[in-house]
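Following the hints, put chain B in place on chain A, whose structure we already have.
Number of protein chains: 2
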Amino acid sequence: MEVSELDKYGICDGISEIIVTCGIENPNAAPIGLIRKDNRIFIRLYKGSTTYENVKLEKIFAANVTCDPLLFVKSTFSNLEDENFKYHPLNSQNIPLLKNSVSSVIFRCEEIKHTEQAMTAEIIPIYAVANYHRPKAINRGLTAVIEAAIHATRYELTGIDKFLDLIDQCLETTYKCGGQREKDAAEILLNEIGEIKKLVSGGKDTE
Amino acid sequence: MEVSELDKYGICDGISEIIVTCGIENPNAAPIGLIRKDNRIFIRLYKGSTTYENVKLEKIFAANVTCDPLLFVKSTFSNLEDENFKYHPLNSQNIPLLKNSVSSVIFRCEEIKHTEQAMTAEIIPIYAVANYHRPKAINRGLTAVIEAAIHATRYELTGIDKFLDLIDQCLETTYKCGGQREKDAAEILLNEIGEIKKLVSGGKDTE
Chain A
1 MEVSELDKYG ICDGISEIIV TCGIENPNAA PIGLIRKDNR IFIRLYKGST
51 TYENVKLEKI FAANVTCDPL LFVKSTFSNL EDENFKYHPL NSQNIPLLKN
101 SVSSVIFRCE EIKHTEQAMT AEIIPIYAVA NYHRPKAINR GLTAVIEAAI
151 HATRYELTGI DKFLDLIDQC LETTYKCGGQ REKDAAEILL NEIGEIKKLV
201 SGGKDTE
Chain B
1 MEVSELDKYG ICDGISEIIV TCGIENPNAA PIGLIRKDNR IFIRLYKGST
51 TYENVKLEKI FAANVTCDPL LFVKSTFSNL EDENFKYHPL NSQNIPLLKN
101 SVSSVIFRCE EIKHTEQAMT AEIIPIYAVA NYHRPKAINR GLTAVIEAAI
151 HATRYELTGI DKFLDLIDQC LETTYKCGGQ REKDAAEILL NEIGEIKKLV
201 SGGKDTE
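One line per chain: the protein sequences are A and B, in this order.
The first sequence maps to residues 1 to 207 in the UniProt record's numbering.
The second sequence maps to residues 1 to 207 in the UniProt record's numbering.
Chain A extracted, bound-state conformation (with noise of 0.2 Å):
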């Protein structure tokens, strides 16, 4: 399929924040911003991640388009349950996708670059499917609970305080202008984050 009928499929122009669904045998979920500029779609890994060792080893990798702030939140910091996942067969391989998603792209991956932190991959479409979706407004306490999570993998990574302040903003957004399911996610993060202070910190509760 051509890259240019991603946008049935809601993948276009600029970076596409969606959950990337891999791994033949242990499928896993992880939040990744997929980058389309051109009509070609690129994709960074970090080392160190599940989706890096899956997508290294098999090539293959579905995209799934949602706008469900826990399922973000949950897949930025622990595989979700076997529950989320449904599986198509691709050459007599299961490849997974998220059940719920609004749509899934699985993507082969080619001309694939290895730096000393990531790799980068150019990758193809094979296969698209779009299932039913409600539209829903713009809720700016959606995109915060993103963002806050964003954030905390970075804080996670360096231990920078100015992340925990920008954290913070995002989720007054989110208790400000989400509904039900964003605050949900807004605590599960904040859980996490609770956690990542402890590792930060030394492993030392200081409380």
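No lab work stands behind these hints, which were simulated from the structure alone.
Don't take every hint at face value.
What the hints assert, rightly or not - Which stretches of chain A does chain B cover? Using the computed rule of at least three CB atoms under 8 Å from a CB of chain B, they are:
#	stretch
1	8-21
2	41-51
3	112-126
4	177-186
Said to hold, decoys possible - Using 27 Å as the maximum straight-line C-alpha spacing, the simulated DSS-like pairs for lysine-lysine come out as follows:
#	chain 1	residue 1	chain 2	residue 2
5	A	LYS59	A	LYS8
6	A	LYS176	A	LYS162
7	B	LYS37	A	LYS37
8	B	LYS86	A	LYS176
9	B	LYS176	A	LYS113
10	A	LYS8	B	LYS176
11	B	LYS59	B	LYS47
By construction, the Cβ of each residue, glycine as well, lies at the ideal position given by its N, Cα and C atoms.
This is chain B only, laid out in the frame that chain A set:
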């Protein structure tokens, strides 16, 4: 219709960023946050806006769900062109709707309260339509340019420089993560901010 039915039209709990269309004689569009809480919906409109005057007079308007950043930014600073409106007949009146909305809901105002700066109304849905729409992955550049437009209106009201810094931060995300339509919206926003700056500095062009 019941408020709970609005889930199907994308107006869920929390604050939905939609574009209000109103004005039977002279249709007008403006971005507004609708507040849905405990299955009641409210709107707050600030004095001095065309939307405020129309809704105060006619007590009816449409909320249009869209993810188009150009419509959000254009309607923040001026009215949309005629070609963006269509009309729904209701009790021998033609209610303006946004032509390319994902969904549109017509509301009637009840329980109107006036304060020194604004009016607040509980609003009752009386007609709703969902149109064909494509899925769209979350794009941080999209929400960032809408956030920037919100900061720009606050800068226009207050002249406080910190809003300019916040706009810069948002637009950095838009240029990094947005697609062409988000970047076009950012360009329009930057032009508008240029004009606002001249007004804030007392009508003097400081360049």
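Each hint, compared with the structure:
no., hint, result
1, 8-21, "holds (count 11)"
2, 41-51, "violated (count 0)"
3, 112-126, "violated (count 0)"
4, 177-186, "holds (count 5)"
5, A:LYS59 / A:LYS8, "24 Å, holds"
6, A:LYS176 / A:LYS162, "22 Å, holds"
7, B:LYS37 / A:LYS37, "40 Å, violated"
8, B:LYS86 / A:LYS176, "33 Å, violated"
9, B:LYS176 / A:LYS113, "22 Å, holds"
10, A:LYS8 / B:LYS176, "22 Å, holds"
11, B:LYS59 / B:LYS47, "15 Å, holds"
Of the numbered hints listed earlier, those contradicted by the structure are 2, 3, 7 and 8.
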